[in-house]
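Engineer: Now for the letters of each chain:
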Amino acid sequence: AQTVTQSQPEMSVQEAETVTLSCTYDTSENNYYLFWYKQPPSRQMILVIRQEAYKQQNATENRFSVNFQKAAKSFSLKISDSQLGDTAMYFCAFMGDSGNTPLVFGKGTRLSVIA
Amino acid sequence: NAGVTQTPKFRVLKTGQSMTLLCAQDMNHEYMYWYRQDPGMGLRLIHYSVGEGTTAKGEVPDGYNVSRLKKQNFLLGLESAAPSQTSVYFCASSYEDRGRWIRAGELFFGEGSRLTVL
Numbered sequence: 014a015q016t017v018t019q020s021q022p023e024m025s026v027q028e029a030e031t032v033t034l035s036c037t038y039d040t041s042e043n044n045y046y047l048f049w050y051k052q053p054p055s056r057q058m059i060l061v062i063r064q065e066a067y068k069q070q071n072a073t074e075n076r077f078s079v080n081f082q083k084a085a086k087s088f089s090l091k092i093s094d095s096q097l098g099d100t101a102m103y104f105c106a107f108m109g110d111s112g113n114t115p116l117v118f119g120k121g122t123r124l125s126v127i128a
Numbered sequence: 480n481a482g483v484t485q486t487p488k489f490r491v492l493k494t495g496q497s498m499t500l501l502c503a504q505d506m507n508h509e510y511m512y513w514y515r516q517d518p519g520m521g522l523r524l525i526h527y528s529v530g531e532g533t534t535a536k537g538e539v540p541d542g543y544n545v546s547r548l549k550k551q552n553f554l555l556g557l558e559s560a561a562p563s564q565t566s567v568y569f570c571a572s573s574y575e576d577r578g579r580w581i582r583a584g585e586l587f588f589g590e591g592s593r594l595t596v597l
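Protein chains in written order, with this note's numbering: chain Y, 14 to 128; chain L, 480 to 597.
Hints were generated in silico from the structure; no laboratory data involved. Small disclaimer: the values here were computed from a predicted structure and weren't measured. Note that CB positions come from ideal geometry on N, CA and C, so glycine has one too. Keep in mind that the hints are not guaranteed to be accurate.
Negatives, chain Y to chain L, calculated, CB over 10 Å [claimed, not checked]:
#1 37
#2 40
#3 43
#4 73
#5 80
#6 96
#7 126
Quick list of simulated restraints, FRET-style, between CB atoms [claimed, not checked]:
#8 Y:14 <-> L:499: 26 to 32 Å
#9 Y:59 <-> L:533: 23 to 29 Å
#10 L:549 <-> Y:75: 33 to 39 Å
#11 Y:54 <-> L:530: 45 to 51 Å
Work out the full structure: start from the sequences and follow the hints.
Structural biologist: Below, the structure is given as structure tokens:
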């Protein structure tokens, strides 16, 4: 079974600074997808960024980018120019390519952006 | 657009009572999911469905039952509620076309339902 590990339960960053959230995963599959979801205090889950394992280029969405290291099974999220609205829980998630494998989530990292 | 709607948003139950959470989506998605979220545990999959009339167990299915009689609805039932089922429940749906990898894996979530079992 696939597992997703987020080793940082809580992090904080100053406004306008850069922060990196870590995620590692375990799988025997060769093709899969990785995701970062954001959950602000409103509780709504929002997709931040997605990476296909067969793509070597790291995904980027505005201030959010990932560092995908397939051999190391690592998938970190970098937030540049942090804003107060980035304060949220961040979940790393994995979806395998085989069958109907649903999304598996890590336990989350609580990020606080400080003014 | 309504997206994914969960009812009720809040509920308090006594141990042993039964209840049903309703999830409705208007995006014609094939896949639907029920997760529970507990502090420090992330989101854990309870049950899911890959189409009308189908259901499958997730990571923590015990004590729950589900039904997908209509494509747009996914019901989560608690037959005899226990305090361990106190949690926030999230329904989600997704469009899956793995042959074309269109929006693969993007889940659309409801706003969550907070259930307390006394």
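Engineer: Checking against the hints above, which ones are violated?
Structural biologist: Checked against the structure, the only hint that fails is number 11, while the rest are satisfied.
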